[in-house]
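> Keeping their order, the protein sequence lines are chains A and B. Numbering that gives the first Met the number 0 puts the first residue of the first sequence at 0, with every later residue one more than the last. Numbering that gives the first Met the number 0 puts the first residue of the second sequence at 0, with every later residue one more than the last.
Since the hints were made in silico from the structure, they are not lab data. There's no promise every hint is true.
Said to hold, decoys possible - Partial selection, computed: residues in chain B whose CB lies under 8 Å from chain A:
hint : residue
1    : 15
2    : 21
3    : 32
4    : 54
5    : 56
6    : 58
7    : 62
8    : 71
9    : 72
10   : 75
11   : 91
We treat Cβ as the ideally placed atom computed from N, Cα and C, and that holds for glycine.
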Amino acid sequence: MAGKTLYDKLWDAHLVKQRDDGSALIYIDRHIVHEVTSPQAFEGLRLASRQVWRVDSVLATPDHNVPTTVKERASGVEGIEDPVSKIQVKTLDDNCDSFGITEYKINDRRQGIVHVIGPESGACLPGMTVVCGDSHTATNGALGALAHGIGTSEVEHVLATQCLVAKKMKNMLVKVDGKLGKGVTPKDVVLAIIAKIGTAGGNGYAIEFGGQVFRDMSMEGRMTVCNMAIEGGARAGMVAVDETTINYVKDRDFAPKAAHWDAAVKEWINLVSDDDAVFDSVVELDGSAINPQVSWGTSPEMVVDVNASVPNPADEADSVKKAGMERALEYMGLQAGQKITDIHLDRVFIGSCTNSRIEDMRAAAAVVSGRKKAASIKEAIVVPGSGLVKEQAEAEGLDKIFTEAGLEWREPGCSMCLAMNADKLGAGEHCASTSNRNFEGRQGYGGRTHLVSPEMAAAAAIAGHFVDVRQFAKEA
Amino acid sequence: MKAFTKVTGVAAPMDRANVDTDMIIPKQFLKSIKRSGFGKNLFDELRYLDEGQPDQSCEGRPVNTEFPLNFDRYQGASILLARENFGCGSSREHAPWALDDYGFRAILAPSYADIFYNNSFKNGLLPVILDESIIEQLFNEMYATEGYQLTIDLEEQAVITPSGESFSFEVDEFRRHCLLNGLDDIGLTLEDADFIKAYEQKRRAEAPWLFDTIK
């Protein structure tokens with residue numbers, strides 16, 4: 000019999016019941032909750048007079064609607080200016096209070112983007128099943144966990160039963176070997192993967208990211224990669240446990256301690272795919288051939304090297320794809336053949352669950368240090384992923400580096416990644432963004448998003464247009 | 000949940016690939032704490048020429064007359080014809096809520112994003128998967144025939160065209176059963192409460208750290 004993949008092992012360890020009709024009950028260890036996708040779930044529990052099955056497995060925080068300016072944040076939830084946003088954040092507070100769920104409220108120093116605080120606090124651990132009503136939950140897969148987004152009905156289902164009704168996904172291995180060049184980041188790796196497999200490439204699969212590039216990558220880098228598994232169509236992305244994983248988890252707030260730690264590590268080191276495991280699909284990339292990436296269109300698969308040009312729909316044979324490219328060019332206000340480095344930029348956003356951890360802050364700060372934001376950039380904001388990331392960055396003086404360079408240093412939240420708060424693009428504005436989606440209107444009505452790494456966004460803030468950060472560093 | 004057995008209705012087009020859930024229902028409408036009322040803002044950025052706001056009436060807003068759902072011939076449509084990877088992106092269940100609230104009961108496409116596919120079944124909205132060539136044929140027939148209607152029979156797992164041509168489709172037995180009977184799957188899962196408790200007991204002995212309280 001063939002060996003098991005990491006996903007097979009995680010699935011087997013959480014199987015509560017295999018039903019005759021092909022569905023299964025899967026046990027959920029950790030449930031993270033935010034304000035946008037939970038109110039209707041709590042309402043459903045109330046209407047059916049149901050309790051939360053295991054209240055101590057749930058951790059909540061508001062992130063999508065929270066303001067990121069010091070001024071609007073100063074008086075907590077009452078200070079949120081948008082009345083509809085305020086009601087949503089208040090509703091989360093009320094629901095958590097009445098069901099007894101632990102919540103890091105708006106100005107708690109541990110508040111932050113759900114996918115940042117899960118690993119940071121140790122609430123999400125290797126070997127766990129982790130769900131959240133948010134598609135970027137796959138971020139936690141970096142820990143060697145089975146983590147994925149769910150809808151609101153499933154949020155209610157997990158609250159009420161601690162289980163999900165699921166069907167096993169297929170296994171895909173995305174193998175990236177070689178060594179990344181200087182200035183090439185985990186974000187570039189995942190964008191290159193999505194460009195290769197397409198946004199539907201991972202539909203029906205759980206992806207394991209394997210190969211030397213991921214073994215060499217930091218935990219935070221692995222989180223950036225797993226975060227965007229969904230942009231490649233896969234609900235779950237994951238990386239096998241190794242020493243990097245164990246070292247990252249050790250001593251975190253909710254990490255096991257003492258004898259529990261030793262027992263946990265003993266279990267966790269087995270969270271790797273067996274040598275003879277069989278994957279349903281294998282995709283390989285050469286890490287040493289990946290260059291800094293920039294998205295030009297309105298789908299995360301519409302990505303090219305920074306030194307390339309905007310592609311020409313006339314070169315695309317598939318008629319549906321071709322129509323999509325033409326529409327994307329029109330929406331983005333770009334011409335086929337235009338050089339990526341010639342795209343005029345209006346705003347820069349450094350943040351989101353993809354790139355708002357301390358390493359992202361450090362990388363961006365290193366690029367802007369001692370330089371000034373281009374006058375043509377209307378606004379460049381840096382939004383740390385959590386209160387703890389913010390504290391750490393400030394302890395290292397990164398906030399000063401950003402503000403001296405003319406970038407704004409903000410309070411933690413999802414911010415301009417999806418513009419549910421006041422941080423948004425104006426119609427027609429181009430933004431160099433470290434977020435994960437370049438869909439039409441995503442960062443603001445009529446806004447035009449270009450997905451890049453924190454280093455590339457920082458360099459763009461200084462230059463006023465995209466530059467190859469490898470070149471940029473040399474000139475410094 | 001609303002049961003789905005057999006639906007006959009006008010088909011309308013969403014003729015592009017990779018329709019994302021941001022497009023189906025833009026983020027500003029996600030601030031609602033309700034489950035209903037999203038239909039008027041379905042495809043908001045395509046249907047209207049201005050930026051919609053939550054809690055705003057859509058009467059009097061400038062309408063995009065080039066967007067098919069605004070055409071007279073597609074009014075009252077209950078079946079949406081779509082292209083590959085429909086519903087990609089965000090996990091927001093507001094997307095099926097909006098489609099349902101607008102009046103759609105079923106979608107026909109060659110493929111869907113996983114989370115959207117799953118969310119649809121929870122809301123009595125049937126996402127049918129048909130071969131790309133069949134979808135292409137249905138698009139062509141729909142464009143050629145005003146008032147083009149399709150029948151979707153979940154019991155028989157078939158899509159039937161006005162000429163009587165029938166295409167069968169696959170659907171998971173569990174999902175089919177729940178949808179046919181309008182079953183609440185939380186209630187079904189709770190029937191297995193003993194299995195869940197037994198699993199917890201076993202796991203607590205093997206891996207007690209998984210049960211530490213979050214504070």
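> The structure should be examined with respect to each hint, and the outcome stated for every one.
Going through the hints against the structure:
A hinted interface residue such as residue 15 of chain B counts as satisfied when its beta carbon comes closer than 8 Å to some beta carbon of chain A; here the least separation is about 6 Å, so the hint holds. The interface hint given for residue 21 of chain B holds, since its Cβ lies 4 Å from the closest Cβ of chain A, which is under the 8 Å cut-off. A hinted interface residue such as residue 32 of chain B counts as satisfied when its beta carbon comes closer than 8 Å to some beta carbon of chain A; here the least separation is about 4 Å, so the hint holds. Annotation: interface hint on residue 54 of chain B holds; nearest CB of chain A at approximately 7 Å, less than 8 Å.
Annotation: residue 56 of chain B was flagged as interfacial toward chain A, and the flag is violated, the nearest CB pair being 15 Å apart, outside 8 Å. Interface restraint check for residue 58 of chain B: the shortest CB-CB distance to chain A comes to about 20 Å, outside 8 Å, so the restraint is violated. The closest approach between the C-beta of residue 62 of chain B and any C-beta of chain A is roughly 16 Å, which is over the 8 Å cut-off, so the hint fails. Taking 8 Å as the C-beta contact cut-off toward chain A, the hint placing residue 71 of chain B at the interface is violated, the least distance being around 24 Å.
Taking 8 Å as the C-beta contact cut-off toward chain A, the hint placing residue 72 of chain B at the interface is violated, the least distance being around 22 Å. Because the smallest distance between the Cβ of residue 75 of chain B and any Cβ of chain A comes to about 27 Å, over 8 Å, the interface hint for this residue is violated. The interface hint given for residue 91 of chain B is met, as the beta carbon of that residue sits about 7 Å from the closest beta carbon of chain A, less than 8 Å.
Violation of the numbered hints given earlier is confined to hints 5, 6, 7, 8, 9, 10; the remaining hints are satisfied by the structure.
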